[in-house]
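Colleague: Quick note, the sequences are listed as chains A and B, same order. Just so you know, our numbering puts 100 at position 100 of the first sequence, and the rest follows in order with no gaps. Just so you know, our numbering puts 39 at position 39 of the second sequence, and the rest follows in order with no gaps.
Since the hints were derived computationally from the structure, they do not count as laboratory data. From a predicted model like this one, the values you see are computed outputs, not experimental measurements. No residue lacks a Cβ here, since even glycine has one placed at the ideal position from N, Cα and C. Just so you know, not all the hints are guaranteed correct.
[Said to hold, decoys possible] Selected chain A positions facing chain B (in silico; Cβ < 7 Å): (1) Glu7; (2) Phe9; (3) Ala38; (4) Ala39; (5) Pro52; (6) Tyr203.
[Unchecked claim] If you anchor each label on the Cβ, the simulated ranges turn out as follows: (7) A:Thr2 <-> B:Ser137: 32 to 40 Å; (8) A:His205 <-> B:Arg149: 28 to 36 Å; (9) B:Arg149 <-> A:Ala28: 20 to 28 Å; (10) B:Asp49 <-> A:Glu187: 40 to 48 Å; (11) B:Asp107 <-> A:Asp25: 31 to 39 Å; (12) A:Ser23 <-> B:Arg7: 37 to 45 Å; (13) B:Arg149 <-> A:Pro47: 22 to 30 Å; (14) A:Asp3 <-> B:Pro54: 31 to 39 Å; (15) A:Pro47 <-> B:Thr148: 38 to 46 Å; (16) A:Asp211 <-> B:Gln10: 36 to 44 Å; (17) A:Asp222 <-> B:Arg63: 28 to 36 Å; (18) B:Pro53 <-> A:Trp213: 14 to 22 Å.
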Amino acid sequence: MTDERAEVFSRYVAALLDGQRPSPDDIADDEALTARLAAEMAAAGLPEVTSPDPAFIEQLRLRMRDADQGIAAVSSLPIPGIGRVRLSRRDLLRGGVGAAIGLAAGGAAVALLRDPTIREAFVDPGRALAPKGEWMAVARLADLPAGAVLRFSTAAFEGFLVNDEGEIRALSSVCTHMGCTLAYRPERNDLRCPCHGASFDLYGHLANGSDQWSRAGGYDGDVQAYPIQLPPLVRPQVKVVGDSVLVLTPRA
Amino acid sequence: MAEPEPRFEQIYDAHVVPIFRFVYARVGNRPDAEDITAQVFMRAVEQLDVKRPPAQIAAWLYRVAQNAVADYWRSFYRLPQVELELVAPGWEPSNPLADPHAEADADGAKAAVARLLKRLPSRYARVLELRFLQRLSVAETADQLGITRGNAKVLQYRALRKAAILVQTDD
Numbered sequence: 001m002t003d004e005r006a007e008v009f010s011r012y013v014a015a016l017l018d019g020q021r022p023s024p025d026d027i028a029d030d031e032a033l034t035a036r037l038a039a040e041m042a043a044a045g046l047p048e049v050t051s052p053d054p055a056f057i058e059q060l061r062l063r064m065r066d067a068d069q070g071i072a073a074v075s076s077l078p079i080p081g082i083g084r085v086r087l088s089r090r091d092l093l094r095g096g097v098g099a100a101i102g103l104a105a106g107g108a109a110v111a112l113l114r115d116p117t118i119r120e121a122f123v124d125p126g127r128a129l130a131p132k133g134e135w136m137a138v139a140r141l142a143d144l145p146a147g148a149v150l151r152f153s154t155a156a157f158e159g160f161l162v163n164d165e166g167e168i169r170a171l172s173s174v175c176t177h178m179g180c181t182l183a184y185r186p187e188r189n190d191l192r193c194p195c196h197g198a199s200f201d202l203y204g205h206l207a208n209g210s211d212q213w214s215r216a217g218g219y220d221g222d223v224q225a226y227p228i229q230l231p232p233l234v235r236p237q238v239k240v241v242g243d244s245v246l247v248l249t250p251r252a
Numbered sequence: 001m002a003e004p005e006p007r008f009e010q011i012y013d014a015h016v017v018p019i020f021r022f023v024y025a026r027v028g029n030r031p032d033a034e035d036i037t038a039q040v041f042m043r044a045v046e047q048l049d050v051k052r053p054p055a056q057i058a059a060w061l062y063r064v065a066q067n068a069v070a071d072y073w074r075s076f077y078r079l080p081q082v083e084l085e086l087v088a089p090g091w092e093p094s095n096p097l098a099d100p101h102a103e104a105d106a107d108g109a110k111a112a113v114a115r116l117l118k119r120l121p122s123r124y125a126r127v128l129e130l131r132f133l134q135r136l137s138v139a140e141t142a143d144q145l146g147i148t149r150g151n152a153k154v155l156q157y158r159a160l161r162k163a164a165i166l167v168q169t170d171d
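Just chain B, same shape as in the assembly:
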C-alpha cells in the first residue's frame, strides 16, 4: 500500500475542527454536522487539488461545506431556495483563514441572536431566551412565565415563526 499524501492529512488536521463548527452552526445538531463534515472531506479526497495555495484550499472547503449545508436543507426540509444565512453570518470569501473565521462565526451568531431577540415582542424574546440561551425545558420555561406547558409550546412556536419572518425580510 502506498503512503497517503501527507499534505492531504495536513489539510485535514488544519481544517476539520473549523469546518465541523461551521457546519454545526448551520444545522444545530451533532449527528447531521458529522455527516456533512464527512461529505466535505470525502469530496476533498476526490476533487481537491492539494497543490493549491492554502487560502484557496480553505476557500474551497468552505464553499463545499456551504453547498452541503444548503443541500441538507433542500433535501431533507424541502427548503425551496438556497437562502443564505439566517442567524449565522455568511462566509466571506475574502476572509478564508480557517481558525479565526470559526471564532468570528460563533461570536457573530451569538450577536445576531441577541439582535434578533431585541426586535421581537418581549414575551416572544423571553420564551426564546429561556429555551435557547438558558436551555430550560418546556416545563421550566412555562413555570418561569407562569403559563401552562401547552401555552409555552404555542408561544415558542409563534416566537420562532415571527423571528423567521424578521430575519427573512431583513435584506
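Just chain A, with the same shape it has in the complex:
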C-alpha cells in the first residue's frame, strides 16, 4: 500500500519540481497536508525567489484595465424608460468578478444584468419590463440548422446561438467565474472555459459541478468536479424574423 501511494505521490512531487501544475487527483484526503508541505518545500528549495513571467504581468494588467474601463463606460449608460443608470462600481460588480471582465469581453449587457429587474427582463422572455434594448440581427436562419452552435457578436454582446431541435437560444460566451471566453466543444456539446475548466450546458448551466458529479457520477472527460458553483450564463431573448435571427442586446 505504501509502495503504491509512494509511486502516485512521486508523480505529484515530480510535477512540482518540474514546475508544472500538479494534479490534485493524485492526492488522497489524508495526504493533503503532506502535499501542501511538498508544495511549500518545492518553492522554498529553489535557489532564487521565483518571479512572475513578464507576459503574465502584462496580460493581467490588460484584463484589469479592461474591467475598470468597462465599469466606467457602463456607469453612465442611459437606459430609456428606466432613466439614467447611476450605479457605483461596487453595485455593478456585486455578484462576481466575472461581470467585471465580462464588461470588457461581452460589453455592456453583462453589467446591466446586475440589476435584478433588468436581469429578469433579459433572461426571461416575455417579461413586461423588457428594457429598450436593441434587436440585432446576428445570423441567418439558414446558417443555423438543427444541432448547430454559432458564435455571434454585436458591439455590446458576445455569445452563442444554439439551435436545439428547432428551439433557438442565445447564450453569453463569458464565463461567470472570471470572465474568460468560452469555447464550444462539439464532441461534448458543451461550452468550455479555457481558464479553469468550467463546462456549461447549452442552457447555460454549469455542467461539471459537484451536483452533476453526485447525480451522474462524474463528467465525461473530467477527472474531478468543478470546485465551486457558478451562476448560469446570461441568456438574452431571441426571435426569428424572416430568415434572420435577432438577439435583444443593450445598445452599445
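Use these hints to put chain B onto chain A, whose structure you have.
Modeller: The following block gives chain B in isolation, referenced to the frame of chain A:
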C-alpha cells in the same frame, strides 16, 4: 472609453511581484500561482478602495491572497480546515510593507526547511535534501543513496509524511 484610475495601476505595479511570490511560496507551482494572483487583483478591481492608505492596501491584498491560497487547498485538495502556514511563515499584519516582506518570506521559508530537515531521521532528511534542495531526479537520488528507484520513492513519501506530522504538531 474613460481612462483607468491611475492609482489602481500604481497599486498593481507596486504589489504584483510580491503578491505572486507570496502565493508561489504557498502553492509551489507557477500556473496555480498565476491563477491565484489574477484572482487577487481582479478582486481588487472589484472591491479595493484605492483611497485607503498604502499600508492598509498592502494588508488588504495579503489578506485576500492568503484567503485565496486557503481556498485553493480546501477546494482542490479537500484540506478540511484552514491550516495556516507549514513551511512558509505566516503573514504578519503588523508588517504589511510589501517588498521587504517578500524577501523575508523567502528567507524564512528556507530557514524553516533547514530546521525541519534537522529534526528528521537522517535518511529522511537526506532524501528530501537531494530532491527538494539539490533538485536531483528520483533516479539520481536513488543512485546517491545506493537504493532502487522504487525505494527512493517510498523513502521520499515516508519522509514527507513524517515532516508533515512534525510541522503539524509544532504548535
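Colleague: Report the numbers of all earlier hints that the structure fails to satisfy, in ascending order.
Modeller: Per hint list: 6, 7, 8, 14, 15 and 18 violated.
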